[in-house]
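Asks: As given, the protein sequences belong to chains U and V, one line each in that order. The working numbering puts the first residue of the first sequence at 1, with every later residue one more than the last. The working numbering puts the first residue of the second sequence at 1, with every later residue one more than the last.
One or more of the hints may lead you astray.
No more than 27 angstroms apart at the CA atoms, straight line, and that leaves these computed lysine-lysine pairs for DSS-like [said to hold, decoys possible]: (1) U:K162 x V:K6; (2) U:K55 x U:K29; (3) U:K29 x U:K162; (4) U:K29 x U:K173; (5) V:K3 x U:K162; (6) U:K173 x U:K162.
Since the hints were derived computationally from the structure, they do not count as laboratory data.
Spelled out, the chains give:
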Amino acid sequence: MNDRRIRLRLSLSEAALFGVLGGMTFAAKMAMAGLANIEPVSLLVMLFAVTFGGKAVYPVYTYVLLELVTFPAQLWSVNYLYVWLVPAGAAWLLREMRNPLGWAILSGLFGLLFGALCAPVYFVVGGWDFGIAWWISGIPFDVVHCMGNFAAALVLFVPLRKVLERLYRGIRKG
Amino acid sequence: MRKNNKIIAIGAAALAVLLVVFGAVWFANRPATQEGSKTITVEVVHGDGSAKTFTYHTDEEYLGDMLLAEGLVEGTESEEFGLYIDAVDGETADYSADGAYWAVYQGGEYATLGVSALPVADGNSFSLVYTVYTDYTICPGE
Chain U
1 MNDRRIRLRL
11 SLSEAALFGV
21 LGGMTFAAKM
31 AMAGLANIEP
41 VSLLVMLFAV
51 TFGGKAVYPV
61 YTYVLLELVT
71 FPAQLWSVNY
81 LYVWLVPAGA
91 AWLLREMRNP
101 LGWAILSGLF
111 GLLFGALCAP
121 VYFVVGGWDF
131 GIAWWISGIP
141 FDVVHCMGNF
151 AAALVLFVPL
161 RKVLERLYRG
171 IRKG
Chain V
1 MRKNNKIIAI
11 GAAALAVLLV
21 VFGAVWFANR
31 PATQEGSKTI
41 TVEVVHGDGS
51 AKTFTYHTDE
61 EYLGDMLLAE
71 GLVEGTESEE
81 FGLYIDAVDG
91 ETADYSADGA
101 YWAVYQGGEY
111 ATLGVSALPV
121 ADGNSFSLVY
131 TVYTDYTICP
141 GE
């Protein structure tokens with residue numbers, strides 16, 4: 001427990017970095033809002049997880065908090081409380097992987113499963129039939145989400161990981 | 001390195017299988033549309049509780065297209081969600097002001113699809129109900 005607290009303890013510069021990264025994630029998501037189901041958040045969440053380990057929860061939940069205070073509460077607000085932990089956890093488990101194709105596949109899988117991962121909330125609120133109907137009607141959007149995530153991670157994951165790791169090393173030394 | 005290649009191969013196979021399975025599930029359950037002339041009734045329940053019923057004869061295949069073509073609704077369209085109804089029969093619901101929106105019911109049941117994806121069939125009845133979102137609970141009845 002104490003070890004975990006120490007691992008999650010933040011220095012001032014880390015707190016500033018994570019705040020900026022959470023804000024940048026929200027800004028990037030809003031900037032791409034016009035592209036339906038193509039988003040930068042999955043990519044950034046995976047990058048935070050492989051670079052910051054457990055501390056990735058800080059930029060991730062800074063982003064989630066910005067979503068929650070900006071938009072009125074909806075069912076997706078509940079989804080956002082847990083769904084980003086899935087790519088973060090998967091990325092952390094695969095953090096030794098260097099092949100961009102592997103990251104593209106992981107990100108694509110998350111995009112494809114996004115509706116299924118959100119559906120439990122709809123099962124609880126509206127019943128089994130409502131949840132299933134909601135998930136099925138969203139499958140075309142999940143496929144687009146999958147393709148967008150795959151392409152973004154294939155091109156950007158490895159170079160952005162290098163940048164973020166260099167930045168984080170510099171901050172920890174300073 | 002070999003372990004990574006194995007993980008990538010398994011991931012690629014899983015992605016391909018899921019794409020096929022999800023595509024098949026969607027195709028088998030996609031909303032069926034009906035071509036040709038159909039008679040549809042639409043009940044509008046206004047914010048003051050007053051109700052009007054409209055009967056339309058239409059060739060449109062989706063409710064959203066029919067409502068726009070008949071001039072009953074005004075709204076904004078997005079690629080992601082299709083038509084979002086702003087106003088019905090001259091009454092505007094402003095969610096950002098007071099949580100008001102137009103809820104869509106089909107045959108008395110809350111519609112599980114947006115109006116742009118909701119097919120219309122001959123004899124269907126729909127309701128557009130001015131609704132004010134006040135609160136929600138995760139579990140109905142809580």
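Asks: Next pair to validate is U:K173 with U:K162; report whether the Cα-Cα distance is within 27 angstroms.
Replies: 17 angstroms, holds
Asks: Does the alpha-carbon distance linking U:K29 and U:K162 stay inside the 27 angstroms limit?
Replies: 22 angstroms, holds
Asks: Does the alpha-carbon distance linking V:K3 and U:K162 stay inside the 27 angstroms limit?
Replies: Holds, at roughly 22 angstroms.
Asks: Is the Cα-Cα distance between U:K29 and U:K173 27 angstroms or less?
Replies: 30 angstroms, violated
Asks: Would the hint linking U:K162 and V:K6 be met if the CA-CA limit is 27 angstroms?
Replies: 24 angstroms, holds
Asks: Within a Cα-Cα threshold of 27 angstroms, do U:K55 and U:K29 meet the stated pairing?
Replies: Answer holds: U:K55 to U:K29 is near 21 angstroms, not above 27 angstroms.
This entry does not satisfy hint 4, going by the numbered hints stated previously; all others are met.
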